[in-house]
Amino acid sequence: MSALEFVNVSKSFRDVNALSNFTIALEQGELVSLLGPSGCGKTTALRIAAGFETADTGAILLGSTNIISLPAHQRRMGMVFQSYSLFPNLNIRDNVAFGLKVRGVPGDARKKRAEEMLDLVRLSDLGHRMPHQISGGQQQRVALARALATEPHVLLLDEPLSALDAKIRVEVRDEIRRLNRDLGVTTMFVTHDQDEAMSISDRICVMNNGVIEQTGSPRDIYNNPATSFVAHFVGSINSLPMGSTRVLIRPENLVLATHDESAHWRGTITDTTFVGAFTKISVVLDNDNSSVSVLAISAQIDRNIEIGKSIGINEATR
Amino acid sequence: MALAGISSLGQSDPKGGSHTRTPLQRFQLPVKFKPIGLIPFFGFVGLFLVWPAFSLFRLAIQPTKNSDISAMREAITGDYLDSFIYTIKLSLLTALLGVLLGSLLAASVLRIERPKWFRNFMTSFAGVAANLGGIPLAFAFIAALGTQGLITKMIDYFGVNLSDAGFRISNFAGITIVYLYFQIPLMFLIMVPAFNGLRAAWSEAAASLGAAPWQYWRYVGLPLLTPALLGGFLLLFSNAFSAYATAYALSSGGARLVPVQIRFFLQGNTITGKDNLGYALAAWMIIIMLITMTGYLFVRRRAEKWQQ
Chain S
26 MSALEFVNVS KSFRDVNALS NFTIALEQGE LVSLLGPSGC GKTTALRIAA GFETADTGAI
86 LLGSTNIISL PAHQRRMGMV FQSYSLFPNL NIRDNVAFGL KVRGVPGDAR KKRAEEMLDL
146 VRLSDLGHRM PHQISGGQQQ RVALARALAT EPHVLLLDEP LSALDAKIRV EVRDEIRRLN
206 RDLGVTTMFV THDQDEAMSI SDRICVMNNG VIEQTGSPRD IYNNPATSFV AHFVGSINSL
266 PMGSTRVLIR PENLVLATHD ESAHWRGTIT DTTFVGAFTK ISVVLDNDNS SVSVLAISAQ
326 IDRNIEIGKS IGINEATR
Chain A
3 MALAGISSLG QSDPKGGSHT RTPLQRFQLP VKFKPIGLIP FFGFVGLFLV WPAFSLFRLA
63 IQPTKNSDIS AMREAITGDY LDSFIYTIKL SLLTALLGVL LGSLLAASVL RIERPKWFRN
123 FMTSFAGVAA NLGGIPLAFA FIAALGTQGL ITKMIDYFGV NLSDAGFRIS NFAGITIVYL
183 YFQIPLMFLI MVPAFNGLRA AWSEAAASLG AAPWQYWRYV GLPLLTPALL GGFLLLFSNA
243 FSAYATAYAL SSGGARLVPV QIRFFLQGNT ITGKDNLGYA LAAWMIIIML ITMTGYLFVR
303 RRAEKWQQ
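Protein sequences appear in the order of chains S and A. So the first sequence is numbered by the numbering used here: it starts at 26 and just counts up by one. So the second sequence is numbered by the numbering used here: it starts at 3 and just counts up by one.
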């Protein structure tokens, strides 16, 4: 039995289909990302699970119970929002203890549990501070502690890293993964950032225009994209002519030809970008003018790669 | 110039260290001359607030000819004391009802999303209604709820006689209703931005944590609105406390409100032995407003403790 299951959930806003027959099952303890461009329906799906939006049709199963008609406050879903949603009138400890307070947990037990949760996100010395006195990254960690304090059935994360700067984003991301593993809490993570989804998820559900394009492990999504949309949205990809059709090949799966005569494709180098271990070489193909990029290991580029030079490209043999 | 350094921190271009100043900043005075900018403000306050109040108090505490009690004492005894109690009661009641009904009105209007023009319409209407007072408003109500008023007659047609029920547009209940006509929209205007300041994520976070709507309001919503509610209450109280034209017109000059009493003296009337009574009444009004404001600041500081 799945921990959380969407069964044919549909939702439209006026004449726009935000979500069409959305069906997915999350196993206990699993971290699943909903990945897609803005307006793809990922946030709508999450908000329907949380009870903030009503679905037009379909069911949401928590274990074997359909919770689609339960009000949000009876669903026991922990939610973390993109904008910092800590209550500004309560200090950090009272924020974390809020869910216990409204459930009638007595003061001492509440305080103890709040301290435990703050310990878990390594912010135990900030309990007496007010939300505006701590940083954005710390606020999101408190929001995580607050959502987890009541031991929710499922943790719902709505782009929780989007408002953070790059370094803090990685820290909080790792924190989320650690909490998910340590506590075994089933987690649904909404993001438009493919790197975020790739690095954190057990499975990724790629969405577009309210429908699921593909669901699979990050490796699966990257290596075996089911649709052209997935191939283009996750990672970068080249579209190369092959006979009368075109093939999609990732830049790291292309190599520069060692012998010109054996090259599958030929083109002219337009740019090279050294990014440390790798060098990205941009090439315009001779026969159809399409741009292609090749990601080569810097140490293995033995030839003098220069802009304007003609070069042969092959698919890497695996 | 530590100060200038701090202020430029927030405005500096994140991409480069270039110190571009806005045209306004370029014409700023050096720091040591900055207090000069406050002269118009202090001049205004001194000329129109401090000096008149000072003169008023000076006249109010002057010994009165032909009388053995001072004007300040006289102003809070007998009928005058009753006037103060009546005025404070009216102000408190209309402020309380205004806060309650105005806030509920704002909350419900903000919940109505369609038609889109409705919210703007209500805000514009409230802006007009909140500033409509005095004689036009009084006559509008006399025409509606006076002894020969349209609504009075309509209700009478259905067998309910307002006069027999003890209602007069000029008595306490009547004046309360008329005052609410501008008190409720005023509170509405104060509360709309306050309600808009409550983020949707707060109520949603509360709900996901298991809080029923009333629990959200009890522990988060109301505490966050308290400063606006207190500020609104004070504004409504002073609004009603100092209003007089409306009540004056409603009651043909006979209302027992303190401002109406002061008007009697303003018109040049004097009662022998009570020369400075008008000043004393005004002085007491200022004292009551000062007490109210001090209490307000104290309560507000407590309500805003979480912001420090």
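It should be emphasised that the hints constitute simulated quantities derived from the structure, not laboratory data. No residue lacks a Cβ here, since even glycine has one placed at the ideal position from N, Cα and C. Hints are supplied without guarantee of correctness; some may be wrong.
To be verified - Quick list of simulated restraints, FRET-style, between CB atoms:
| # | chain 1 | residue 1 | chain 2 | residue 2 | range |
| --- | --- | --- | --- | --- | --- |
| 1 | A | P117 | S | G88 | 52 to 62 Å |
| 2 | A | P117 | S | S261 | 44 to 54 Å |
| 3 | A | K307 | S | Q53 | 13 to 23 Å |
| 4 | A | L103 | S | S108 | 48 to 58 Å |
| 5 | S | T82 | A | F300 | 51 to 61 Å |
Unchecked claim - Only pairs whose alpha carbons sit at most 25 Å apart, straight line, appear in this in silico PhoX-like list of lysine-lysine:
| # | chain 1 | residue 1 | chain 2 | residue 2 |
| --- | --- | --- | --- | --- |
| 6 | S | K136 | A | K307 |
| 7 | S | K137 | S | K126 |
| 8 | S | K126 | A | K307 |
| 9 | S | K136 | S | K126 |
| 10 | S | K305 | S | K334 |
Comparing the hints with the structure gives:
no.	hint	result
1	A:P117 / S:G88: 52 to 62 Å	violated (43 Å)
2	A:P117 / S:S261: 44 to 54 Å	holds (47 Å)
3	A:K307 / S:Q53: 13 to 23 Å	violated (43 Å)
4	A:L103 / S:S108: 48 to 58 Å	violated (32 Å)
5	S:T82 / A:F300: 51 to 61 Å	holds (56 Å)
6	S:K136 / A:K307	holds (21 Å)
7	S:K137 / S:K126	holds (12 Å)
8	S:K126 / A:K307	holds (21 Å)
9	S:K136 / S:K126	holds (10 Å)
10	S:K305 / S:K334	holds (15 Å)
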